[in-house]
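A.B. asks: In case you want the letters, here they are:
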Amino acid sequence: SQQGEEDPQALSIQEGENATMNCSYKTSINNLQWYRQNSGRGLVHLILIRSNEREKHSGRLRVTLDTSKKSSSLLITASRAADTASYFCATDYGQNFVFGPGTRLSVLP
Amino acid sequence: DAGVIQSPRHEVTEMGQEVTLRCKPISGHNSLFWYRQTMMRGLELLIYFNNNVPIDDSGMPEDRFSAKMPNASFSTLKIQPSEPRDSAVYFCASSPTGYNSPLHFGNGTRLTVT
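Keeping their order, the protein sequence lines are chains A and B. Quick note: the first sequence uses my numbering, first residue 3, plus one each step. Quick note: the second sequence uses my numbering, first residue 26, plus one each step.
There is no bait here: all hints are sound.
Computed, partial: chain B to chain A, Cβ under 7 Å: (1) Y73; (2) G131; (3) N132; (4) G133.
It should be emphasised that the hints constitute simulated quantities derived from the structure, not laboratory data. Even for Gly, the Cβ is constructed at its ideal location relative to N, Cα and C.
Next comes chain B alone, as it looks inside the complex (with noise of 0.2 Å):
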């Protein structure tokens, strides 16, 4: 099994740009999170999936912030327009049921804007 998959790796990009971060998870996995992980603020919870459907995005920072699931297979967090204080390692993870269960993260997307 190749593990959650994220990509990019990094991303630079200026104010005010779009930015979409990829994830595929873990085959059979049913439940997909998305997480951000700061210095200051540690790691945040945006978004979380089950079967494909948002459950909860109460941690979506702001209207800016979008996140789907098109399929079991496929996820996409959008930021648009960017800005500095965006700037952070985003997370994707997936696990089996989501609840009472180990998640599984992908090794990150480093986002930097300028």
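Okay, chain A solo, but in the shape it has when bound (with noise of 0.2 Å):
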């Protein structure tokens, strides 16, 4: 399928300190989108990364893209308790998204 697949499934860090959630995926795809979900809450859009990029900032936020290896990362510089969420990668299929299971991240104060 085209499903992209988050990894690590869960990860634990302490504040101030960067997170970094990976996104492979199988087909080509036009873009990449990644989202944030807190408990109990739809997800909310991130960043859209286009094939034809290989890096995106937005805010504390950073998102590459390595179409060759069809993989995408997401960083999170100087993590916060209110970053902890989980996070998904999304890729375009037709004029569908098609949702990885997500990375579980957990900010400790």
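Reconstruct the complex from the two isolated chains, following the hints.
C.D. replies: Next up, the structure:
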């Protein structure tokens, strides 16, 4: 399937540290997106990176895309307790989006 | 903008009953998606509408599931009859164009079928 797979499944860090999550996918894409989900809430869009882009920044977030390796990474710098959430990558598949199983990030105060 | 609005937030029903979930997308968004989230299967796309027309319903699990979008500001997902394995959180999302644009999610409806 087209589904992306995030790695690791769970990550626990101390406040102030950086958190890195990875996403691998199987077939060619036009774009890849990262979303955050807080417990009991809907997903919130973080960043969209197109296939011809290699890196994008948004505040403390940095996303890279390596189409040759079919992988992407999300880096959260100087993490805060409020960053505790699940993070998902989504790849386009036709006109739809397919989500990976997510990485559960816990930022400890 | 109020964002994507889903109702109800929680629904508890008995097996065999009909369940209707509702969604109001963001005004001006042309694409609407219904997803289901469970611990076992993650986020699954059920159906996708573009300009109120169902484009891809291949994710709808069974004939017990149906979805409609009678106009640009309203969509329903119906399960009839409901079964315990339908218990999940159902999300509605909308986007301006669907393709190459972010999805805006509602807060979901948590469905429990006993």
